[in-house]
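Let the sequences and hints guide you as you build the complete structure.
Number of protein chains: 2
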Amino acid sequence: MPERSIRVLRLGQRYVRDDRTLTHLCLVSRALGAEAIYLDDVEKDVLSTVADVNENWGGSFEVIIGRPWKGVLAEAKAEGRSVIHLTMYGLPLQEVITELRSIQKLLVVVGGPKVPGQVYHSADFNVSVTSQPHSEIAALAITLHEVQGGEELKRSFGKSKLRIVPSARGKRVVQN
Amino acid sequence: MPERSIRVLRLGQRYVRDDRTLTHLCLVSRALGAEAIYLDDVEKDVLSTVADVNENWGGSFEVIIGRPWKGVLAEAKAEGRSVIHLTMYGLPLQEVITELRSIQKLLVVVGGPKVPGQVYHSADFNVSVTSQPHSEIAALAITLHEVQGGEELKRSFGKSKLRIVPSARGKRVVQN
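Residue numbers (this note's numbering), protein chains in the order written: chain A, 1225 to 1400; chain B, 1225 to 1400.
Be careful, since some hints might not be right.
No distinction is drawn between identical chains; accordingly, a pair holds when it is met within one copy or between any pair of copies.
As the list claims (entries may be wrong) - Mimicking DSSO-like on lysine-lysine, the simulated pairs with C-alpha atoms at most 27 Å apart in a straight line are:
no.: 1; residue 1: LYS1383; residue 2: LYS1395
no.: 2; residue 1: LYS1338; residue 2: LYS1385
no.: 3; residue 1: LYS1338; residue 2: LYS1268
no.: 4; residue 1: LYS1383; residue 2: LYS1329
These are calculated hints, taken from the structure and not from any lab test.
As structure tokens, this is what we get:
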């Protein structure tokens, strides 16, 4: 089976930029097996945090800035990538998960407070992780986890400067 | 089988209080089936956000402020509640999940950047959701989801002012 390809798009204009949330979204996307995230705009420290994490912990996760969302959606469609829009109004994840697991190329769209109606219409799936208000970070995490059936938890990040040796107590970090 | 009881403790002194992250942690705990979260200290708007969500969307999720963490841990032990500390240094979630699923009363401890060593020693389980740096919000979400085997996604919040009717496109909200 070919490897799954997952990309993430963060949508939604914000009046106050929330770089902490964006950093969480980037690092969750990376840790849980996505290959890239598209953001409108960020402070440089989000980019440098992700660059540091790649350098220390491995992998080649990409943050792609400033590409208009309509173009990202159009490109996804053109390359046969299914668009999964996460929204509390969508169909419950547990009802569509079997279908989602069969898809090899996905673009997961994470909304901010104001997502244009067009996104609901152009998405292949509008999906909710509970129909309760909570967190786009949590919704993204559970979706990435479920789509990959937990395999992402075992993922290796290849060559890295640092590596954790899991332990029942305390902290063990190996420098490579 | 009696209903599982899950409480959450957020630990770790912060020099700059990060209320956005705390709001995410509260709402994720609530949406994914925990009954309460303990926080050191918050701005009033975190409390009022959670109160509004309870009022509109149901349930009786509690935010408990200012109780010293040692007391929260001691109380958990005294009432036979297992302490699950989430840390990137811990044992992989997928290796301990079967055991965690058999536990009826849990306190899930979510660390900030500086967690005292004593927490690692007094926890019944130190658990990692990947050994990569990412987000305590995501780690909490995946842990709550896995411990409850996905049952939390179907949870009802009882009587509420608002209720979403899941739909493939668009937004359907019912006012009760």
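Exercise. With 27 Å as the alpha-carbon cut-off, assign the pair LYS1383 and LYS1329 to within, between, both or neither.
Key: within (25 Å within a copy, 40 Å between copies)
Quiz item: Is it within a copy, between copies, both, or neither that the alpha carbon of LYS1338 lies no farther than 27 Å from that of LYS1268?
Solution: For LYS1338 and LYS1268, the Cα distance is within 27 Å both inside one copy (24 Å) and across copies (25 Å).
Exercise. Measure nothing new, just compare the shortest in-copy and cross-copy C-alpha distances for LYS1383 and LYS1395 to 27 Å and report within, between, both or neither.
Key: within (20 Å within a copy, 45 Å between copies)
Practice problem: At 27 Å max between alpha carbons, let me know whether LYS1338 reaches LYS1385 within a copy, between copies, both or neither. | Solution: between (40 Å within a copy, 22 Å between copies)
Taken one by one, the earlier hints all hold for this structure without exception.
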